[in-house]
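**Student:** One-letter residues, chain by chain:
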Amino acid sequence: MNRSTFPHRLLPWLLIAPQLAISLVFFYWPAVQALWQSMLREDPFGLKSRFVGLQNFQKVLAEPAYINSIQVTAVFSILTAFFSMAIALLLAVQAEKIVRGRGFYRTLMIWPYAVAPAIAGMLWLFMFNPSFGTLAAIPRALGIHWDPLLNGTQAMGLVVAAASWKQISYNFLFFVAGLQAIPKSLLEASAIDGAGPVRRFWTIVFPLLAPTSFFLLVVNTVYALFDTFGIIHAVTSGGPGKSTETLVYKVYNDGFVNLLIGSSAAQSVILMVIVIALTAFQFRYVERKVHYG
Amino acid sequence: MAEGMVGTSKRSIALGHFLLILGCVIVAFPIWYVTVASTHSIQTILNPPLPMLPGAEAAQNYGEAFSGSITRIGGVSVERLLLNSTVMALGIAVGKIIISMASAFAIVFFRFPLRMACFWLIFITLMLPVEVRIMPTYKVMVDLGLIDTYAGLILPLIASATATLLFRQFFMTIPNELLEAARVDGAGPWRFFKDILLPLSATNIAALFVILFIYGWTQYLWPLLVTNSNSMNTIVIALRKMISFADADTPWNLVMVTSVLAILPPVLVVVLMQRWFVKGLVETEK
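Which chain is which? The protein sequence lines are A and B, in order.
Quick note on numbering: this note's numbering labels position 225 of the first sequence as 225, and the sequence is numbered without any gaps.
Quick note on numbering: this note's numbering labels position 193 of the second sequence as 193, and the sequence is numbered without any gaps.
Rather than coming from a laboratory, the hints here were simulated on the basis of the structure.
Keep in mind it's a predicted model, so treat the numbers as computed, not measured.
In this text, a Cβ means the ideal position worked out from N, Cα and C, and glycines have one as well.
Among these hints, one or two may not hold up.
The list that follows gives simulated cross-link-like pairs (lysine-lysine, DSBU-like), each with its CA atoms no further than 35 Å apart [stated by the list, open to error]:
1. B:Lys279 - A:Lys242
2. A:Lys48 - A:Lys59
3. A:Lys242 - A:Lys59
4. A:Lys48 - A:Lys242
5. A:Lys184 - B:Lys10
6. B:Lys139 - A:Lys48
7. B:Lys241 - A:Lys59
8. A:Lys59 - B:Lys139
9. B:Lys10 - B:Lys279
10. A:Lys184 - B:Lys194
11. B:Lys241 - A:Lys242
12. B:Lys139 - B:Lys194
13. B:Lys139 - B:Lys241
Not close to chain B: a few residues of chain A, all C-beta gaps over 10 Å, as computed [what the hints assert, rightly or not]:
14. Met39
15. Leu40
16. Gly53
17. Gln55
18. Gln58
19. Tyr66
20. Asn68
21. Val75
22. Thr153
23. Gln154
24. Trp202
25. Phe206
26. Pro207
27. Ser213
28. Leu217
Bound-form chain B, shown alone:
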């Protein structure tokens, strides 16, 4: 397909570029705005309009944020918040992949009583997002002593019907001969999984990883509920707690720095793993 296909005029292509540039500006502007703001002093931020180019205070703002002087979030350092978000996002991504691969493996490559009942039991959780069972799930967390723990942040979110369905679908495309050949060679389930299934699933795993990492990092309602102590907050929740428009003491320059730090890791994951991300997004939704 070449540029200038029948009926696509030069003018139409120019218009295309123009609209796309405009679209990119709109889409990227909020992120640019906060990044620029994070490099200016609080006085500059509070006196609009904000300059559209980075200022000279970057080193100072970021230094201040990392030297732990963000007192507005209960004396918790930015490193700690980033650590919490990272543990949560990685825990959810890795946990979901392991758990759903294991159950898809069981459902596709074994025959056992109630196999389809188990499948439906997993499938129906699709229809029970945390938003529809907020209070009782919170009660379960309290009863199990999981408030303010990493397990509490991660465990309830790692059962995923979508990931299980994806792996099930993929495993079903694996030719019978492969399994039979492996069994003739005396390979047990573990060998088959490790030497055949895992390498074949590599791209699927990478794709899912990106989607699930973003999912974990951007969680809001759940960490809001299960963390009371400031030291267990994710960076997104902590950022919310820092902001007050009614309060003249809000350190806006540090708020901007914290926003950038909260945005950067998942954006880097998406941009650097773009190929898997697009694949993962489009496949998990099918």
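Looking at chain A on its own, in the form it has when it is part of the complex:
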């Protein structure tokens, strides 16, 4: 369709100028700077810097702390995506079965979406901190020496719980929408053919939900990689002993706390490549034709 338009020449430029200006000043210019800095090395006093090519990248990728941070990020992201999606799917399937009270459940289910990640982390720390957290009694009752501020595995458990909790609402809403899009006639036909609820779920519902799940997988990965900075910063500060230091936390820490400009910039560029890959992947492969009511 050939869209009819207004004949003005200058006006469209004025309309688009604010967004272009902000994009150039706060997005493109800093991104180019990050690229440039990632190839410079500063002397310890920050007075001179010289061009070192890809040396910063070689150094970063050979650094044990960076490898550790990649592993931490992978464990954290996989666990967070798995728990938040699995719980949300289970609840969404239940919500789809019932009719009465569905709105009520949804209202209760969406709260965590509005809670800042950092606060989600703090709430879990309030409940589970070893000195006065009421729920710290649960791991203790199981015979665990509970101290998430000193034990790396327990710290990871706590941040994963907080990050998954916050994301359940989001995944729930999308799974509910995805389930509603599945034709009821298919389910009824297979029920008449004698398939039980479990069989119907795995042979019809689950495969037809694949586009939604795939989409959520990408979104949850991006969430776990980037939006959870607040949880890590507020709850563990990457500790104890780097056991929860994710990639984004490390960029921040190396840049602002340790003042390693070149290394931090190189890490930023690596993250940029990851985001570009994920976005490209999402637009290329994720089927976004699922219709939500």
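Got chain A sorted already, so can you dock chain B onto it with the hints?
**Tutor:** Same frame as chain A, now just chain B:
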């Protein structure tokens, strides 16, 4: 679709309710916990287990928080923190909507050189979240003198590819005849925008507003970087600064009050504007 569709047994529905109630309890519990804690004295909070029902100290705790005696956050009142968060969240939501509507309007309803180049320039910012350009963006803020200002908190976050894409998509569904009729009637771009486009976009704007308000309110890394002075902190950052497990002086009852105040506004927006929120969430991600 009726309850008791073929193959959905009564037992299965009962199990459904049971699991959903359990799910709601898990999902709502942390918020309930902190709300209850905010109504108890610090002695009660420090002696677990915490009672599961609200206590009698609510008026005192909230009164103390609002009378400005939260000294742990650098003598800044809770009102000031709430104001900062509100200004930031509203600034981002309104700013993003205005800027992205304007650019989508330009891209869809005008023809100008480099139109598609501009579109791609906006689109690619999707791939440059603040987390990947922390240091250089901070440097730009320092050079422009935007540290500790509302402009600094808001401006860098209001360029949004997602909102622009959404409006572009929506504007493209508007039938040509509408524009032609408007032009026959002698309406210029501004009249067309104000009298036709704006009313048609109302639900989209409401939906985006909810999503963007939450986005602005829950920001963490950005306000952490661009605010040094306590009086410019958002409530989320201030809350982080109040907490220390190593320090015996942390006023936990006031920490709980501040948490509730930091959670309440965005939760109210989501719950009260639920219809637009669900629509907005699902549409912006498509």
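**Student:** Now, for every hint given, state plainly whether the structure supports it.
**Tutor:** Right, here's what the structure says about each hint:
1. The hinted pair formed by Lys279 of chain B and Lys242 of chain A fails the criterion: a straight-line CA distance of about 40 Å is larger than 35 Å.
2. Pair hint Lys48 of chain A plus Lys59 of chain A holds up; C-alpha atoms about 20 Å apart against a cutoff of 35 Å.
3. Annotation: proposed proximity of Lys242 of chain A to Lys59 of chain A holds, straight-line Cα distance about 19 Å (limit 35 Å).
4. Annotation: proposed proximity of Lys48 of chain A to Lys242 of chain A holds, straight-line Cα distance about 31 Å (limit 35 Å).
5. A hinted pair counts as satisfied when its Cα atoms are at most 35 Å apart, and Lys184 of chain A with Lys10 of chain B qualifies at roughly 19 Å.
6. Taken as a hint, the Lys139 of chain B and Lys48 of chain A pair is honoured in the structure, with Cα atoms around 17 Å apart against an allowance of 35 Å.
7. Taking the CA atoms of Lys241 of chain B and Lys59 of chain A, the gap is near 34 Å; set against the 35 Å cutoff, the hint holds.
8. In summary, the hint linking Lys59 of chain A to Lys139 of chain B is supported, as the alpha carbons are separated by about 24 Å, within the 35 Å threshold.
9. A distance of roughly 32 Å separates the Cα atoms of Lys10 of chain B and Lys279 of chain B; the hinted pair therefore holds under the 35 Å criterion.
10. Note on Lys184 of chain A and Lys194 of chain B: the hinted pairing is violated, with a Cα-Cα distance of about 43 Å set against a maximum of 35 Å.
11. This hinted pair checks out: Lys241 of chain B and Lys242 of chain A have alpha carbons roughly 21 Å apart, not beyond 35 Å.
12. For a cut-off of 35 Å, the pair hint linking Lys139 of chain B to Lys194 of chain B is broken: about 39 Å separates their Cα positions.
13. Straight-line distance between C-alpha atoms of Lys139 of chain B and Lys241 of chain B comes to about 24 Å, which keeps the hinted pair within the 35 Å bound.
14. The beta carbon of Met39 of chain A sits about 13 Å from the closest Cβ of chain B, which is more than 10 Å, so the claim that it is off the interface holds.
15. Annotated as non-interface, Leu40 of chain A keeps its C-beta farther than 10 Å from every C-beta of chain B; the closest such distance is 12 Å.
16. No Cβ of chain B comes within 10 Å of the Cβ of Gly53 of chain A; the nearest lies about 19 Å off, and the non-interface call holds.
17. For Gln55 of chain A, the shortest C-beta to C-beta distance to chain B comes to about 18 Å, beyond the 10 Å cut-off, and the non-interface label holds.
18. Here Gln58 of chain A stays apart from chain B, with its beta-carbon at least about 20 Å from theirs, past the 10 Å limit.
19. Remark: the non-interface label on Tyr66 of chain A is consistent with the geometry, its nearest Cβ contact in chain B lying 16 Å away (cut-off 10 Å).
20. Against chain B, the non-interface label of Asn68 of chain A holds: every CB pair exceeds 10 Å, the least being about 19 Å.
21. Residue-level check passed: Val75 of chain A sits 19 Å from the nearest beta carbon of chain B, beyond 10 Å.
22. For Thr153 of chain A, the condition that its CB be more than 10 Å from all CB atoms of chain B holds, with the nearest at approximately 19 Å.
23. Every beta carbon of chain B lies more than 10 Å from that of Gln154 of chain A, the smallest distance being close to 14 Å; the non-interface claim holds.
24. Consistency note on Trp202 of chain A: stated as away from chain B, and its beta-carbon is indeed over 10 Å from all of that chain's, at 14 Å minimum.
25. Residue-level check passed: Phe206 of chain A sits 16 Å from the nearest beta carbon of chain B, beyond 10 Å.
26. The beta carbon of Pro207 of chain A is kept farther than 10 Å from every beta carbon of chain B, the shortest such distance being approximately 18 Å.
27. Here Ser213 of chain A stays apart from chain B, with its beta-carbon at least about 14 Å from theirs, past the 10 Å limit.
28. No Cβ of chain B approaches the Cβ of Leu217 of chain A within 10 Å, the least distance being about 13 Å, so the stated non-interface status holds.
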